[in-house]
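> For the sequence shown, counting from 1, position 472 maps to 472 in full-length UniProt numbering; every step adds exactly one.
No lab work stands behind these hints: they were computed from the structure. Any given hint might turn out to be false.
Listed below are the simulated SDA-like cross-link pairs for lysine to any residue, each with C-alpha atoms no more than 20 Å apart in a straight line [unchecked claim]: (1) K190 - N115; (2) K401 - S415; (3) K513 - N479; (4) K202 - G61; (5) K100 - D32; (6) K96 - E108; (7) K145 - K96.
Estimated spans, in silico, between C-beta atoms of each pair [what the hints assert, rightly or not]: (8) D315 - N227: 46 to 54 Å; (9) D466 - N47: 27 to 35 Å; (10) D234 - N47: 24 to 32 Å.
Glycine included, C-beta positions come from ideal geometry on N, C-alpha and C.
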Amino acid sequence: METSILGAGERMSLKVSKAIEILKNHDLLVSDSVSDENLEVTNISYNSREDQANGIFFCKGNQFKAEYLDQAIKNGAKIYVAEKEYSTDIDHLIVKDASKALALLSAEFYGNPQNDLFIVAFTGTKGKTTTSYFTYDILNSAYPKKVALFSTVDRIVGPKPSDEFKSDLTTPESMELFHDMRRAVDNGMKYLVMEVSSQAYKKNRVYGLKFDIGGFLNITPDHIGPNEHPTYADYLNCKKQLMINSKVNIINRQTNDYDTVLAAAKETSADKDIYRFAKDEVGDTDFSIRNKESNLNDSVFTYTAESDKAEDLQDHGEYTYELGLVGDFNELNAGAAITAAKIMGIDNEVIADSLKKAFVPGRMEHINTKNHGTIFVDYAHNYASMNALLSFIKREYPESKVKVVVGSPGDKGVSRRAGFARVLTELADSAILTTDDPGFEDPAKICKEIDDQIDHEKVEVKTVIDRQEAIREMIDSSNDGDIIVLAGKGNDPYQKTKGVDVPYPSDPVVAKKILKDIEG
1 METSILGAGE
11 RMSLKVSKAI
21 EILKNHDLLV
31 SDSVSDENLE
41 VTNISYNSRE
51 DQANGIFFCK
61 GNQFKAEYLD
71 QAIKNGAKIY
81 VAEKEYSTDI
91 DHLIVKDASK
101 ALALLSAEFY
111 GNPQNDLFIV
121 AFTGTKGKTT
131 TSYFTYDILN
141 SAYPKKVALF
151 STVDRIVGPK
161 PSDEFKSDLT
171 TPESMELFHD
181 MRRAVDNGMK
191 YLVMEVSSQA
201 YKKNRVYGLK
211 FDIGGFLNIT
221 PDHIGPNEHP
231 TYADYLNCKK
241 QLMINSKVNI
251 INRQTNDYDT
261 VLAAAKETSA
271 DKDIYRFAKD
281 EVGDTDFSIR
291 NKESNLNDSV
301 FTYTAESDKA
311 EDLQDHGEYT
321 YELGLVGDFN
331 ELNAGAAITA
341 AKIMGIDNEV
351 IADSLKKAFV
361 PGRMEHINTK
371 NHGTIFVDYA
381 HNYASMNALL
391 SFIKREYPES
401 KVKVVVGSPG
411 DKGVSRRAGF
421 ARVLTELADS
431 AILTTDDPGF
441 EDPAKICKEI
451 DDQIDHEKVE
461 VKTVIDRQEA
471 IREMIDSSND
481 GDIIVLAGKG
491 NDPYQKTKGV
501 DVPYPSDPVV
511 AKKILKDIEG
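Kindly produce the complete structure, drawing on both the sequences and the hints.
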């Protein structure tokens with residue numbers, strides 16, 4: 001997995017006395033043992049295998065072992081931060097929460113780059129990536145070469161091809177987050193669009209960070225499991241933190257737990273800084289979205305101001321937009337992006353032109369075949385997103401058979417498995433269960449957990465563990481008029497297996513190669 005690096009000649013630093021001051025101000029410092037408060041470290045790390053020369057090392061994570069610190073000291077660490085004393089051989093700061101300390105001191109180490117960026121952030125069970133790309137495209141059209149993007153798919157920190165790389169986390173660890181913000185600022189970026197996952201708050205990756213605009217898209221039970229959120233209540237609590245930490249809030253009026261989300265927004269924002277949007281609904285919302293036309297090529301919808309403060313954001317009460325991404329369910333994602341753009345004062349012509357050209361890697365990519373139906377590749381990875389996708393296809397093509405290739409990741413999102421079983425039973429004609437980032441679990445076991453909950457009288461199901469073979473078999477067994485959905489992985493070029501990112505061509509590449517083999 002490619003990671004970002006600082007440009008040649010860049011040098012960051014942190015004075016120990018400043019670190020102590022910051023930790024005290026946030027009531028995190030328990031004690032300190034420092035021989036020289038004037039020491040200025042020029043390295044920061046939580047990976048003991050890295051060069052620690054003149055560095056500050058963070059002992060963090062439930063799996064941390066004392067020997068990691070020993071290795072860091074051998075590699076040059078001058079001071080460590082931990083929740084308990086591991087060694088008296090070097091200076092150390094004992095804190096109440098190492099992950100919070102990492103976020104605060106990383107921001108300072110990299111010169112607080114967040115202060116030089118206007119940051120727009122989105123959270124939601126589904127739609128974060130799509131909405132972030134819509135917003136990025138709009139802002140990039142309005143402010144060329146001035147917009148950075150931190151998404152599940154890509155991180156863009158500058159205008160050059162070398163400034164774009166694949167993401168390994170939806171929201172990176174705080175140290176990488178501020179590192180990449182620093183690089184973006186140094187590259188002349190003035191705006192940042194980013195996804196904020198529930199784990200980002202759960203693990204304090206964005207601790208202390210304030211957002212200029214925060215958007216709450218939706219929430220449904222997901223990411224519930226031993227390695228993620230113990231309960232739905234915990235998941236919701238983490239999600240709503242984005243509202244509390246944003247100056248201006250955008251909320252989907254039709255989200256589950258709307259009252260809780262709105263109350264969170266009101267904790268830190270006045271009513272004038274909270275904008276609600278909804279589809280078809282007019283009452284108690286600021287903007288409404290109404291579909292005019294949708295097919296497997298685009299969607300046309302209206303976006304209407306329904307309140308005085310909404311009217312203030314647009315000269316006319318209603319605009320019509322054409323969205324270049326398939327699926328009427330993407331209109332809500334577009335609505336969030338439009339609202340953010342209007343809050344920022346971007347011309348409507350720029351918004352409309354950007355949405356018309358919209359493209360999101362791994363989202364509703366469709367491949368036409370000669371005689372094996374139409375293939376869609378989509379990142380749909382839970383009940384809510386899969387239900388929206390399959391329901392749209394069913395409405396548009398009621399006579400077509402809907403065939404799905406899908407798996408579920410290991411080590412996380414255990415609740416998704418029941419969700420996949422439910423949506424396949426409700427909306428699919430046939431399905432092949434396969435591998436999707438199994439992690440340390442057995443993919444066959446994951447498939448069986450899904451299969452056991454499917455009503456086999458309603459949907460034909462089989463399991464093919466090898467994902468490429470599963471796709472080949474589904475395409476080979478399909479006819480003209482069928483709709484094939486390759487769900488879950490989108491454009492991901494790897495399978496996460498036993499701690500390793502094993503190269504995988506990606507679903508679109510696999511499908512196109514198979515079609516070339518069987519159709520010429």
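> Now tell me, hint by hint, if it's right for this structure.
A quick look at each hint next to the structure:
no. : hint                    : verdict
1   : K190 - N115             : 10 Å, holds
2   : K401 - S415             : 27 Å, violated
3   : K513 - N479             : 18 Å, holds
4   : K202 - G61              : 12 Å, holds
5   : K100 - D32              : 17 Å, holds
6   : K96 - E108              : 19 Å, holds
7   : K145 - K96              : 41 Å, violated
8   : D315 - N227: 46 to 54 Å : 49 Å, holds
9   : D466 - N47: 27 to 35 Å  : 33 Å, holds
10  : D234 - N47: 24 to 32 Å  : 28 Å, holds
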